[in-house]
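S.K.: Letter by letter, the chains look like this.
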Amino acid sequence: MTLEILGITVLWTFLFGYVIVGSIDYGAGFFNAYSIMTKKEHVLSNIIQRYLSPVWEVTNVFFVFFFVGVVGFFPQTAYYFGTIFLIPGSIALLLLAVRGSYYAFETYVSRGHKGYAFMYGLSGLLIPASLSIVLTISEGGFVHIEDGNPVLDYWALFTSPLSWSIVVLSIVAVLYISAVFLTWYANKTGDRDATELMRKYALFWAGPLIITAGGIIYELRFHNPAHYEQLLGLWWMFALSFILWLATVWFLWKRTNYAAAVWLLVGQFAFAFYGYGISHFPYLLYPVLTVHEGFTNKAMAISLVIVFILGLALLIPSLYLLLKLFLFDKTYLKGKNKKE
Amino acid sequence: MLLEDPVFASRFLTLLTLSFHIIYATIGVGVPLMIMIAQWIGIRKNDEHYILMARRWARGFVVTVAVGVVTGTAIGLQLSLLWPRFMELAGQIIALPLFMEVFAFFFEAIFLGIYLYTWDRFEDQRKHLLLLIPVALGAGMSAFFITVVNSFMNTPHGFDIVDGQLTNANPILAMFNPAMPTKVAHVLATAYMTVAFMLAAIAAFKLLKGSGHVYHKKALNMTMKIGLIFAIAAAIIGDFSGKFLAVYQPEKLAAAEWHFETEEGAPLLLYGLLGDDNEVKGALKIPYALSILAFGHPMSEVIGLEEFPEEETPPLAVHYFFDLMVTIGVFMIFLALVYWIGTRWNWEFVKAKWYRWLIVLGGPLSFLAIEAGWWMAEVGRQPWILRGIMTVEEAATTSDYVGLMSILFVVLYIVLGIGTIVVLRRLFKNNPVEKELANAKGGDKA
Numbered sequence: 001m002t003l004e005i006l007g008i009t010v011l012w013t014f015l016f017g018y019v020i021v022g023s024i025d026y027g028a029g030f031f032n033a034y035s036i037m038t039k040k041e042h043v044l045s046n047i048i049q050r051y052l053s054p055v056w057e058v059t060n061v062f063f064v065f066f067f068v069g070v071v072g073f074f075p076q077t078a079y080y081f082g083t084i085f086l087i088p089g090s091i092a093l094l095l096l097a098v099r100g101s102y103y104a105f106e107t108y109v110s111r112g113h114k115g116y117a118f119m120y121g122l123s124g125l126l127i128p129a130s131l132s133i134v135l136t137i138s139e140g141g142f143v144h145i146e147d148g149n150p151v152l153d154y155w156a157l158f159t160s161p162l163s164w165s166i167v168v169l170s171i172v173a174v175l176y177i178s179a180v181f182l183t184w185y186a187n188k189t190g191d192r193d194a195t196e197l198m199r200k201y202a203l204f205w206a207g208p209l210i211i212t213a214g215g216i217i218y219e220l221r222f223h224n225p226a227h228y229e230q231l232l233g234l235w236w237m238f239a240l241s242f243i244l245w246l247a248t249v250w251f252l253w254k255r256t257n258y259a260a261a262v263w264l265l266v267g268q269f270a271f272a273f274y275g276y277g278i279s280h281f282p283y284l285l286y287p288v289l290t291v292h293e294g295f296t297n298k299a300m301a302i303s304l305v306i307v308f309i310l311g312l313a314l315l316i317p318s319l320y321l322l323l324k325l326f327l328f329d330k331t332y333l334k335g336k337n338k339k340e
Numbered sequence: 001m002l003l004e005d006p007v008f009a010s011r012f013l014t015l016l017t018l019s020f021h022i023i024y025a026t027i028g029v030g031v032p033l034m035i036m037i038a039q040w041i042g043i044r045k046n047d048e049h050y051i052l053m054a055r056r057w058a059r060g061f062v063v064t065v066a067v068g069v070v071t072g073t074a075i076g077l078q079l080s081l082l083w084p085r086f087m088e089l090a091g092q093i094i095a096l097p098l099f100m101e102v103f104a105f106f107f108e109a110i111f112l113g114i115y116l117y118t119w120d121r122f123e124d125q126r127k128h129l130l131l132l133i134p135v136a137l138g139a140g141m142s143a144f145f146i147t148v149v150n151s152f153m154n155t156p157h158g159f160d161i162v163d164g165q166l167t168n169a170n171p172i173l174a175m176f177n178p179a180m181p182t183k184v185a186h187v188l189a190t191a192y193m194t195v196a197f198m199l200a201a202i203a204a205f206k207l208l209k210g211s212g213h214v215y216h217k218k219a220l221n222m223t224m225k226i227g228l229i230f231a232i233a234a235a236i237i238g239d240f241s242g243k244f245l246a247v248y249q250p251e252k253l254a255a256a257e258w259h260f261e262t263e264e265g266a267p268l269l270l271y272g273l274l275g276d277d278n279e280v281k282g283a284l285k286i287p288y289a290l291s292i293l294a295f296g297h298p299m300s301e302v303i304g305l306e307e308f309p310e311e312e313t314p315p316l317a318v319h320y321f322f323d324l325m326v327t328i329g330v331f332m333i334f335l336a337l338v339y340w341i342g343t344r345w346n347w348e349f350v351k352a353k354w355y356r357w358l359i360v361l362g363g364p365l366s367f368l369a370i371e372a373g374w375w376m377a378e379v380g381r382q383p384w385i386l387r388g389i390m391t392v393e394e395a396a397t398t399s400d401y402v403g404l405m406s407i408l409f410v411v412l413y414i415v416l417g418i419g420t421i422v423v424l425r426r427l428f429k430n431n432p433v434e435k436e437l438a439n440a441k442g443g444d445k446a
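If you read the sequences in order, they're chains C and W.
For the first sequence, UniProt numbering begins at 1 and goes up steadily by one.
For the second sequence, UniProt numbering begins at 1 and goes up steadily by one.
Since the hints were made in silico from the structure, they are not lab data.
Yeah, the Cβ is synthetic: ideal placement off N, Cα and C, and Gly gets one too.
Hints may contain errors.
[As the list claims (entries may be wrong)] To spell it out: a stretch of chain W is covered by chain C in this simulated footprint if at least three of its residues, at any positions, have a beta carbon under 8 Å from a beta carbon of chain C; those stretches are:
| id | region |
| --- | --- |
| 1 | 60-71 |
| 2 | 170-181 |
| 3 | 292-298 |
| 4 | 342-350 |
| 5 | 398-411 |
Model the full assembly from the supplied sequences, consistent with the hints where possible.
M.R.: Shown next as structure tokens:
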């Protein structure tokens, strides 16, 4: 494996991590706001708050990790995407700021404030939408070079069915991932009502998810035929992803083994996400920037990989401790504080 | 409008984000150490007041962390959005400390989450202290690494440029650039100093407002002592920074000191106004002091601004920032020193109202000094983004709409700033120390 492939694999994996933990986080914020508006907050708010509180900051780091890592391994992306991404990037930042600060303001000070909860839920849905635009842009066709500098064609972007499909997919995926996870989590806390409600939401979003995902593959055929061809070459990954989706829905439907449902869901997204990523190879921004051209010098690459391994040696035990204390701690799950 | 120029607008937005972020970043670096110290003293003296102090500070800290995290994320991404050419070049040499900063931040975030949500899980206070160590360490490490990046921008190092192409990149050398030791040390010392004086200001304010509780007196004594130690450290490191500038960035030192002609036995100018034709009015002139500041010898030669081409000299306004920073620093050292000696020798006036008001004033003043110091350091290296290699004009984005985005961020920072104040006030107003201690004595720990 060459260093640039290692680099992009690491980054893609962290992006995948962000997609999963971020989705749980964003969706939870939305369901929280929705339950308040539909007067069901007594059912949901408790479990959502208990899950979110210790991890919201960690979720955010996954995102920072990704964009710092990209610039480190592929410095030229800073130039191309930085120039193009000013508006969607700034909007995502504004939404992240609103979300992060309102969450802290609400949780630690004025619990149950409707305005905060609403802003929190809404901004959570818009963040994946604004960030997913980068996926559309990387497909090519929206950027042209003017006086040696890349310029984004906003009109083409806003009128493209592909960009809207990706936006819709990102929102639906957020709601689906979050609902499946929270079904399992609510079940673990022993909260029957919350489990039933989240299960309902999970089943509701399962259909739209698979329809929009299929639709995107279809649209790529017209937008970027080369990419479409590569996707077809990896058909088995998407087929596996589909089977895992079926299995998840089946477990939810039968009300058994929610833990397995969560793992199947992770597997489903992993196959789709890596399948998409591999088929996009070797382009970072089609067709101007490839993984090979954009790669950093060798000395930097090696030192980044070393630091990455050392960093993981520090992170994995810490993350394990976090999960052990909150996600898998029986007394915490049931909402009691214990004394040791 | 000026904001229509992408270069100017990018500078404006970066200045705005950083000036706002460093308030929260300073708190983020300093408060964990103070919490840790309070927790440690609480355990050693078996005094519940200090344990409570740690918890109350931590509770307020969460609110500032939230804003610090989001503004930090903003500046992290804005670096690429507003300065794409710079990040493209710098990414090849300086990505290592940036990457390590994220790890330090990750580490801190995990343990902060654990500390905050295991409030009452452990009977043994030492376990809480153990959780605080990685938080304080992570906070210090992220300050360390991000300052390394900034010092690289001041003294680029660890690579060669041959025919416009970057070669021989050495990431480790780039990290250990000449500006690194003084910058990092000064940033850490002033952050700890500022936070100590901020917490002292809160304690003094509470005492002034009629709460005569011994808790506030303990808090005041402890933070003033810590503040004094770090303020002295900051001054000593500041002197080293002057010596560093004289060798590596003489134009910054010369601009900060309005030192135009190269001369031996150079005087130091304090205050004053700059008239037309660079004529200095009303300044306090201390003979030989600049030579001493620069090289430690009264007769040494200090390079003046005339040696540099005009398009490479920094704005002369940095002198005002320099004065502001140094004046506040010296004032705080005296304030804390007198307080410390005064409490030892039982001088009455350190408990007087006017003296406590001065301590209250010291909190915001210390933050002002932080801002002034950064403005001096950053404006003082104009027109360069990478000194001697890349100017800000070459680095800025070519994208339009930076002006529009700037306006959105101005609104955002106003909302976040007001939000923080409102929320923090509400957090502590309804739950004074007296109430919390009474609850704790009632048996059920809140």
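S.K.: Would you mind marking each hint as holding or not holding in the structure?
M.R.: Hints, verified against the model:
1. 60-71: This one holds; 8 residues, not fewer than the three required, reach chain C with a Cβ under 8 Å.
2. 170-181: That given contact holds, which follows from 3 residues of the region 170-181 of chain W lying within Cβ reach (below 8 Å) of chain C.
3. 292-298: violated (count 0)
4. 342-350: violated (count 0)
5. 398-411: n = 7 at 8 Å, threshold three: holds.
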